[in-house]
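Line by line, the protein sequences give chains G and P. Going by our numbering, the final residue of the first sequence carries number 523, and the count climbs one at a time with no gaps. Going by our numbering, the final residue of the second sequence carries number 1099, and the count climbs one at a time with no gaps.
I should point out that these hints are in silico values taken from the structure, not numbers from a laboratory. As the structure is a prediction and not an experimental result, all values here were calculated from the model. In this text, a Cβ means the ideal position worked out from N, Cα and C, and glycines have one as well. Be a bit skeptical, because a hint or two may be false.
Computed from the model, here is a short list of chain G residues facing chain P with C-beta under 7 Å [claimed, not checked]:
#	residue
1	Phe-163
2	Leu-164
3	Val-167
4	Phe-225
5	Gly-234
6	Leu-238
7	Ser-256
8	Ile-437
9	Ile-438
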Amino acid sequence: MKIRADILRTYQSIHTWTGILTGLLLFIAFYAGALTMFKPQITQWAIPSNQHLAQVSSDQLDELVTQAMGQFDKARDGFIISFDENQSPMKWYEHGGGRGFRLDDQLRHASLTESGEITTQMSSTNELGTLIDQLHRTAGIIGKVGHEDLGVIILGVAAILYFLALVSGVIILLPTLVKNLFALRQNKGSSRFWLDSHNLVGIISLPFHLIIAWSVIVFAFHDFFYAGLGVVYGDKPLFERPASSNVEYSVTELPSMETYRQQLSTMTHGYQIVSMAFSNLSTKNPALAVEVKTDGQIMRGGYSDFIYLNPYTFAVQFNTLNQASEGVYGPIVNSLFALHFGNYAGNFGRWLYFAFGLLGAFLFYSGNLLWLEKRRKKQAAQQASTRFMASLTIGVCLGSMLGVSLAILLTKWLYLITHQPNSYYLACYYVVFFGAIIYSFFRQPALAAIHLLKLLALSCALIPMSTLIFPLLMQIKSTANIGSHLGVVDITALFFAVCFYVSANKVHQRAHSGEPNSIWALS
Amino acid sequence: MKRLTEAEKIQPHWWRKSLIAGVLGLTFAYGVVGVFAWFGPGGIDAPMKVQLNMWLISFIWLSVVSLSFLFKTATTALYRLTLANIVIYLIFIGLWTLL
């Protein structure tokens, strides 16, 4: 396909500028996003199994709830019933709770002993998965604008530029698309190889990238778009306000748990109830959030669907399941969410999204490298701007991943000294992240890259090691018996340890026997 | 392909084109979504349609912005996008009075 040279030049400039401005932010959002595909698994891996109490059979639930509300004030305000085999049957917040997340929430777990007596145990929540999710949504940028995170807004702006980068990238690729798509030319120098793989990854994952860019813009700016839509709608209200009730409810009238299963059974046909969260029980606006999930169907939330209802009247207030009453538009809207979250094809789909997320991170990383290669001078000393960008790319990308992998590694060890690991995660991430950036500015970028990659390999390799060692240490400390087996988190960490080690060797090779007039050469 | 003269080539005009397309592309997107919302399948009251309408705004808006750099100059961009806005809002008003 022939395209005029001036058009190509115009879109080449757009691609370069939008790419270089957003690449690093998007790198963090994408690799962290890939990890959030397995947020429930990460959270389960992080919490020592002795924090959970034994599950009870469903006909014992009412006994448990009655005893808990009789003995604990906080349980009367609200509580969570979980049907997951590996979770405590009942939990409530002694401290914190509600919308959003905090680092110092305290949960009380409750279960029944064999003789039918209530037994409880306090624990802090573990926010490792949530913090990785937060990193994914904000790229680690702290602060609030109104009720929205500053990082979300910044990533929203980045997503607008990223949309432009996608369109311009496709336009400049069109003339050579058919001829060169699957050509990975290794004999024409490393920069050609990087360009070919950048193009190949960009084209094969284009639909994924378009839906991500679009949905991120919507997630960040929906309030803004709705405000304008209000003008288009004129006198029509955008949303129906739920009628506020004046009935003061009391927790003593709460129906039995079995009633809920019956009430919900028709609505949740084909779904499995994960949990039921009751809140504000003795007020005018009590709420019950029922979390349900299914495999291989689109879901509106990241990992599940939700039904919100009044726990006393069973009136449904909001429901994210695909219901016939929502006509054609309900399923379309829900599928747009599902296409971002990648929850519509079971575990296979999650791994596919995991791969696409990492390929996306690779796209931005390789884009930055191409920018650097293009500005390379045929001399030993490179321009200050090139040097700056090289250090920044290495420091931000590798530093961010090192921060996360060390935080994951710390998890098991933190539980030896504290019950409150969450604030340590944050400290660990930011110290490592900024430390890596400073390091890559003080040392040559190539040297920093080798060192950071080796540290990444080491920290990833230590994750499965600690999973194996940790139970032994816990046994010395207490009599608690914790099983030790390697899960998906450990195997994945081991895989990445190998990848990082191989990369470190490659960078080392290029530094000593590659092109000497390069920012990546070490003499 | 014959060589283009300097006057025939696309002028960058980055800031002006971005600004013009940013504003007029957004009003155009609201126009298209307005027509779809009121007169598209299901009409204004179709359940959940308001959410899809909101999603559509950003897609139309950014499609216009990203293709607006194809206009030769910022002035052409201004004229053409103004024209597109007039057309879509005339359709909107036309449908409103007819139906």
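### Message
Given a cut of 7 Å on the nearest C-beta pair, is the interface hint for Leu-164 of chain G held or broken against chain P?
### Response
5 Å, holds
### Query
Under the criterion of a CB-CB separation shorter than 7 Å, is Ser-256 of chain G in contact with chain P as hinted?
33 Å, violated
### Minimum beta-carbon distance criterion (7 Å), Gly-234 of chain G to chain P
9 Å, violated
### Message
Given Phe-163 of chain G as an interface hint, is its Cβ closer than 7 Å to any Cβ of chain P?
### Response
5 Å, holds
### Query
Can Leu-238 of chain G be said to touch chain P, with a Cβ gap under 7 Å?
5 Å, holds
#### Entry: Hinted contact Phe-225 of chain G with chain P - closest CB pair below 7 Å
5 Å, holds
### Message
Take the shortest C-beta to C-beta distance between Val-167 of chain G and chain P; is it under 7 Å?
### Response
4 Å, holds
#### Entry: chain P contact restraint on Ile-438 of chain G - CB to CB distance below 7 Å
Violated, about 34 Å.
### Message
Does Ile-437 of chain G hold up as a contact with chain P if the rule is Cβ-Cβ below 7 Å?
### Response
Violated, about 30 Å.
Consistency note: the structure conflicts with the earlier hints numbered 5, 7, 8 and 9.
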